[in-house]
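Each chain is listed here by its residues.
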Amino acid sequence: QQPVQSPQAVILREGEDAVINCSSSKALYSVHWYRQKHGEAPIFLMILLKGGEQKGHDKISASFNEKKQQSSLYLTASQLSYSGTYFCGTEISGPGSGGGADGLTFGKGTHLIIQP
Amino acid sequence: NAGVMQNPRHLVRRRGQEARLRCSPMKGHSHVYWYRQLPEEGLKFMVYLQKENIIDESGMPKERFSAEFPKEGPSILRIQQVVRGDSAAYFCASSPFRGWYGYTFGSGTRLTVV
Chain A
146 QQPVQSPQAV ILREGEDAVI NCSSSKALYS VHWYRQKHGE APIFLMILLK
196 GGEQKGHDKI SASFNEKKQQ SSLYLTASQL SYSGTYFCGT EISGPGSGGG
246 ADGLTFGKGT HLIIQP
Chain B
1287 NAGVMQNPRH LVRRRGQEAR LRCSPMKGHS HVYWYRQLPE EGLKFMVYLQ
1337 KENIIDESGM PKERFSAEFP KEGPSILRIQ QVVRGDSAAY FCASSPFRGW
1387 YGYTFGSGTR LTVV
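As given, the protein sequences belong to chains A and B, one line each in that order.
Sequential numbering of the first sequence, starting at 146, is according to our numbering.
Sequential numbering of the second sequence, starting at 1287, is according to our numbering.
Looking at chain A on its own, in the form it has when it is part of the complex (with noise of 0.2 Å):
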């Protein structure tokens, strides 16, 4: 089942701070995040794993929170560098356990444009 996506799009300035959230009906092993710039290909951020991490590095950090099976990415500060589409793509299984489809859900993405 597809995870949702929200919001659909986003109009920032630079500098500013942006929360993107993803939620999924099913209970998830992981949650993966990438940006993805227009023809271009997606690009790993980061991934969380059920536990309810938070992950981080620079001014992009996310969090997992496993019992709502949903996840947050916050873009802080945000620079002009981090305009294009998010991503979350979820597992409802982890290796070896057997179940559900192995390759990552994707959302429908949120479209992200900071303008000076």
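These are calculated hints, taken from the structure and not from any lab test.
Glycine residues also receive a C-beta, built at the ideal position from the N, C-alpha and C atoms.
Hints may contain errors.
Cβ-to-Cβ under 7 Å is the rule here; a few derived chain A residues that face chain B [claimed, not checked]:
id, residue
1, 192
2, 219
3, 227
4, 248
5, 251
Since the structure of chain A is provided, determine the placement of chain B on it from the hints.
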């Protein structure tokens, strides 16, 4: 390290022809995933392969589509008798292990069926 290499970048086929999309994973990566993307849509999972094995093809149409990842050479996604609805961007990704690792994506093949 050249990353994930996909070719061709653009492919135009007439209805009824065959399309062959190639993907060479990153060095050291033995897990390959194919995804299809339509405009304003997310990436839709098609198939997951390891060397010489199809692990999960639950996202791939049963007719006209096939995938392989031979012992030597790139992974191939093959679409026979293409139709206009097959027009999309096809992305390949690879990872060194199943789980716990992010995917490295190739730049994609944009297939246009005329």
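(request) Could you tell me which of the numbered hints above are not met by this structure, giving the numbers in increasing order? (result) Violated hints: 2, 3; rest satisfied.
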